[in-house]
Every structure is written in structure tokens, then in C-alpha cells.
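2 protein chains.
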Amino acid sequence: MMRVFIDSGATKTEFLLVDSQGDTTQFQLEGINANYTSKKQIERIMKQFAATIGGEKGEAIEQILYYGAGCMPLHNQEKIKEIIQPLFPTASVVVHSDLLGACHATCGDQPGYVAILGTGSAACYYDGEQITNLAPSLGYLLGDEGGGIYLGKLFLQYYLKGVLSDSLKQCFESEFEVDRARVLHLLYRDIEPEKWMATIPLFLKKEIADPEVQQIVTLNFTHFFEEQQRYFKTESIAWHVVGSLGFHFQEQLKQAAQNLNMQIVQVIAQPVHQIMLNFAHYV
Amino acid sequence: MMRVFIDSGATKTEFLLVDSQGDTTQFQLEGINANYTSKKQIERIMKQFAATIGGEKGEAIEQILYYGAGCMPLHNQEKIKEIIQPLFPTASVVVHSDLLGACHATCGDQPGYVAILGTGSAACYYDGEQITNLAPSLGYLLGDEGGGIYLGKLFLQYYLKGVLSDSLKQCFESEFEVDRARVLHLLYRDIEPEKWMATIPLFLKKEIADPEVQQIVTLNFTHFFEEQQRYFKTESIAWHVVGSLGFHFQEQLKQAAQNLNMQIVQVIAQPVHQIMLNFAHYV
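Chains as they are written, first to last, in my numbering: chain A, 104 to 386; chain B, 104 to 386.
It is possible that part of the hints are untrue.
Copies of the same chain look alike in the list, so a pair counts if it works inside one copy or between any two.
[To be verified] List time: in silico EDC-like cross-link candidates among lysine to aspartate or glutamate, alpha-carbon distance up to 20 Å:
1. 264 x 146
2. 264 x 329
3. 115 x 165
4. 264 x 330
5. 142 x 293
6. 309 x 232
7. 142 x 230
8. 184 x 282
9. 143 x 293
10. 182 x 313
11. 336 x 165
12. 308 x 295
13. 264 x 165
14. 160 x 280
No lab work stands behind these hints, which were simulated from the structure alone.
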């Protein structure tokens with residue numbers, strides 16, 4: 104008997120296989136967002152997953168628990184299920200939103216405020232069973248404060264406005280082999296500028312010793328928390344955070360929260376391991 | 104003898120022909136931004152212009168004065184000149200940025216603060232001869248506060264966050280035949296979401312009697328003026344404004360300026376007529 108936990112985000116999809124002895128195998132494929140990724144592309148990724156684990160092991164899979172970006176609407180949950188089920192006809196397949204996955208991973212059966220801070224961002228209040236209050240996610244064009252693409256945008260605004268120190272400016276230009284004209288080209292003549300902007304946080308992580316970088320990263324989280332104040336009207340909120348951006352910049356995350364009289368209870372990079380521990384509750 | 108004034112923006116290119124009697128003919132073609140519009144596309148538009156005025160009149164053109172979006176860099180001015188010159192071999196062709204065009208149209212040979220508020224936005228200080236201080240234009244992904252696409256984004260944020268009144272929400276959904284899911288589709292699965300966002304101000308113009316709409320439009324200009332405070336450090340600034348968005352929402356523009364201790368001297372929709380009056384200075 105084998106179980107599989109899947110967590111799909113905009114940038115990557117994590118697979119965690121757990122066999123009957125409790126031994127785990129983990130691997131990654133491309134990202135899936137059920138709103139934007141085409142059915143054909145999702146099928147391709149899922150077939151690659153099936154091929155990777157092999158026919159014999161595939162037949163042994165009894166339960167698949169999928170948490171995914173874009174899986175809040177029921178019709179998207181059904182779409183994902185319809186793609187996965189034929190590949191594993193004997194498995195029971197359950198599909199939830201990635202935000203509910205973050206709640207399961209962090210809060211289990213307790214209530215709490217939960218945020219995803221990865222490539223994009225999302226936040227909610229979870230009552231211990233379900234999400235009862237949701238800050239709508241508007242995507243990188245209109246929102247996603249606190250996420251990786253938004254952080255990339257913030258940094259580029261500083262760069263293009265000419266307010267970065269010379270040393271940081273040169274460091275950025277040399278790392279990405281760009282100048283001002285090339286940046287504008289990547290933003291406005293490239294068909295997927297968001298993918299390029301999403302790589303900028305990796306550079307900022309390397310340069311985190313620079314106080315200017317710390318300031319920009321903190322500002323990204325400050326914008327996130329300020330935005331949440333529109334939706335969650337309590338004096339002091341304790342946040343559970345899931346996602347790579349929150350995980351890699353924990354110091355700035357905590358600073359931004361503290362400045363706004365909020366606090367961070369825990370930050371985990373990948374929810375799949377935590378979900379596994381509480382598996383029995385969520386299928 | 105004939106002269107031609109051309110003003111190209113993101114959405115449209117205006118042509119003004121002036122014959123030796125001073126009689127004028129005006130028409131419009133598609134927009135050109137020398138940074139983003141392909142050479143082939145610019146050539147196509149300019150050939151259409153040449154065909155429209157006809158061979159005989161074309162030979163009579165002695166001077167062409169082109170002001171264009173994206174024409175701040177010299178190499179883009181040269182690119183435009185190289186496209187136009189072969190079509191009118193006997194004409195003298197001069198190419199300037201659209202922002203300098205806005206200065207010529209509003210300030211003439213006097214100094215002043217000048218803004219373009221059209222599909223995008225730009226601002227500068229003009230000393231009566233040239234632009235000596237420039238607020239960099241970052242485009243709709245990172246900037247363009249005060250422009251039409253930014254206004255569209257602001258409105259969509261209100262809509263998607265569910266903070267619009269029911270009546271305005273229904274009015275918008277019926278006008279554009281959309282719901283929340285369709286809006287997200289247009290934003291994130293369409294390859295040119297900015298073109299759709301740029302149409303939203305037309306709707307807001309129709310609904311300007313609604314105080315909620317007035318508030319959003321004013322906020323757009325407030326963001327523009329707040330942004331300018333980073334670049335132009337004077338106590339009180341008097342602005343000359345060129346462009347459709349500033350022209351169509353003058354009341355909100357003046358309100359936003361006044362709230363920040365600035366003022367609006369004049370607003371003109373199309374600079375070409377004004378430029379014509381001062382023609383002798385700028386060729």
C-alpha cells in the first residue's frame with residue numbers, strides 16, 4: 104500500500120510518496136496552477152509522474168492527496184481529479200486548494216491565520232476544519248504582495264528609478280547581464296516577464312547581508328501585512344506561514360510583522376511533509 | 104509647401120497636415136511606441152500614412168516633425184527617422200520624444216513642469232529649451248501611475264476585492280460581459296491584458312457621476328502626484344498636462360493636485376495643434 108501527497112504551486116509541483124513502511128521518496132516537477140496551466144500540460148506532468156514511479160508501484164498507490172494552486176473553485180478540483188484518476192484507476196483521489204494544504208500543514212485541527220508566501224501570495228482564516236475568511240488573491244498584475252514576483256517588481260522599481268546604491272546596482276547588472284534598456288526589454292517585449300521577475304528573489308537571497316536588500320525584502324512583507332489589515336480586523340494576529348519566500352527571508356518577515364503588531368508563529372518551506380504527519384484527517 | 108506634425112502614443116498616432124495656406128487636415132492611425140512596436144509594424148503604419156495623403160501631396164511635404172512615445176533615446180529617434188525618410192525623400196524629418204512634444208505644446212519657450220497622462224504616464228521639468236529633470240517612466244507593470252492602464256488596474260483591484268457597491272459592480276459586469284472568473288482569465292490567460300485594462304477608463308468616464316468612480320479616478324492621480332514628489336522637491340508645483348486621461352477627468356485631476364498642494368495650469372488633449380502654432384521654434 105502506498106500514498107502520494109502532491110503540492111502544486113506556480114513554480115514547482117512537489118510529490119511525496121509514502122510506502123506501507125512509512126518510508127518516503129520525494130521529487131519535483133514543473134509548477135501547475137489549475138486556473139492557468141492548460142489541461143494538456145497538466146496531463147503531461149501527471150504522466151511524467153506516473154512514468155517516474157513505474158507501473159508496479161503505480162498499481163500499489165491507494166490514495167492520492169493533491170493540494171494545488173488554483174484549486175479553490177470546485178470545477179478546478181474536478182478537472183485535476185479527472186486528469187489524475189485514469190492514470191491511477193485503483194487509487195482514491197482527493198483534491199484541495201493549496202491554501203487548505205497550508206492550513207492542514209500548519210494548523211492541523213486548530214484554528215489560525217495562515218499565509219502562503221511563495222511565487223505568489225494568499226492568506227486566510229482557518230477555523231480548524233475549513234477556510235472561513237479569505238483575502239482574495241489577485242495575481243501578480245494586481246496583487247500578490249509578499250510573494251516572489253511582487254518582490255521582484257519592488258526591486259526593479261528601485262533599480263529603474265535609480266535609487267539603488269551603485270554597488271548593488273552593479274552587482275545586479277552583472278549577475279543578470281542586464282542594463283536599464285535590457286530590463287525594460289525583458290519586462291515589455293518578453294511574453295512571460297513574470298517568470299523573469301520571479302528569479303530576482305534568488306539574487307536577493309544571496310545579497311541579504313546588504314541593508315538595502317533587507318529593506319526592500321521587509322517592504323515586500325510590510326505590503327503583504329498592510330493588505331491583510333483590510334480583511335482581518337483584529338488587533339494582533341499570529342500568522343502561520345508556508346512557502347519558499349517566507350522561509351528564505353524569515354528575519355525580514357518577522358520584522359515586518361512586528362512593525363505592524365502582528366507575529367509569526369511558524370514558517371515552513373514545504374507543506375507536504377507536515378501534511379503527511381496528519382494524513383488520516385484529510386482524506 | 105506642406106508640413107506634417109505627428110504625435111504617436113501607445114494607443115494612437117495623430118497626423119496633422121498643414122498646407123501653405125495654413126489649412127489643416129487631421130487623421131489617426133494605430134499607436135506606436137518606438138521601444139516596443141516592431142520596425143515592420145512602424146513601417147506599415149507610415150506607408151499607410153503616405154498612401155493616405157497620396158503621391159502628389161507627399162512630394163509637396165517639406166517638413167515632418169514627429170513626437171513619439173519611446174523616442175527619448177537617440178537610437179530610437181534615428182530608427183523612426185530611417186523609416187520615414189525613404190517614404191518622403193525630399194522632406195526634412197525631425198524626431199523628438201512625446202514628452203518634449205508635451206513641453207513644446209504647453210510651455211513653448213517658457214519653463215514648467217509637464218506631465219503626459221494618457222494610456223501611460225510621464226513627467227518632467229522643462230527649462231524652456233530642454234528637459235532637465237525626468238521622472239523615469241517604468242511602464243504599466245511597474246509604474247505609469249496616473250495613466251489609463253494604471254486606472255484600469257486600480258478599478259479592477261476594487262472589483263476583485265469585492266469592495267465596490269453592488270450597483271457599480273453590476274454595471275461593470277454588464278458593460279464588459281464579465282464575472283470574476285472571466286476577469287481573471289482576461290488578465291492572466293490573455294497575452295495582452297494591458298490592452299483590455301486600457302479600455303476600462305472609457306467605462307469610468309461614462310459613470311463619472313458615481314462618487315465611487317470619482318474616488319477611484321482621483322486616487323489614480325493622487326498616486327501620480329505622490330510619485331512625482333520623489334523627483335521634484337519643491338513646495339508647490341504648477342503642472343501643464345497633456346493627454347486624454349488628464350483631459351477627460353479634469354475635475355478629479357485638479358482635486359488630486361490640490362490635495363497635495365500642487366496645481367494644474369492647463370490640460371490639453373492633443374498636443375499637435377498647439378505644437379503647430381509654435382512650429383518655427385522646433386524644427
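Outcome of the hint check:
1. 264 x 146: neither (43 Å within a copy, 32 Å between copies)
2. 264 x 329: Cα proximity of residue 264 and residue 329: across copies only (14 Å, versus 24 Å in one copy).
3. 115 x 165: neither (24 Å within a copy, 60 Å between copies)
4. 264 x 330: between (24 Å within a copy, 11 Å between copies)
5. 142 x 293: Between copies only: 16 Å across chains, 24 Å inside a chain, cut-off 20 Å.
6. 309 x 232: Answer is neither; intra-copy 39 Å and inter-copy 45 Å both fail.
7. 142 x 230: neither (33 Å within a copy, 57 Å between copies)
8. 184 x 282: Result: close neither inside a copy nor across copies, 45 Å intra and 25 Å inter.
9. 143 x 293: between (23 Å within a copy, 18 Å between copies)
10. 182 x 313: neither (45 Å within a copy, 40 Å between copies)
11. 336 x 165: Classified as neither: same-chain Cα gap 43 Å, cross-chain 67 Å, threshold 20 Å.
12. 308 x 295: Result: close neither inside a copy nor across copies, 22 Å intra and 32 Å inter.
13. 264 x 165: Close neither inside one copy (55 Å) nor across copies (40 Å); limit 20 Å.
14. 160 x 280: Neither: 45 Å inside a copy, 48 Å across copies.
This entry does not satisfy hints 1, 3, 6, 7, 8, 10, 11, 12, 13, 14, going by the numbered hints stated previously.
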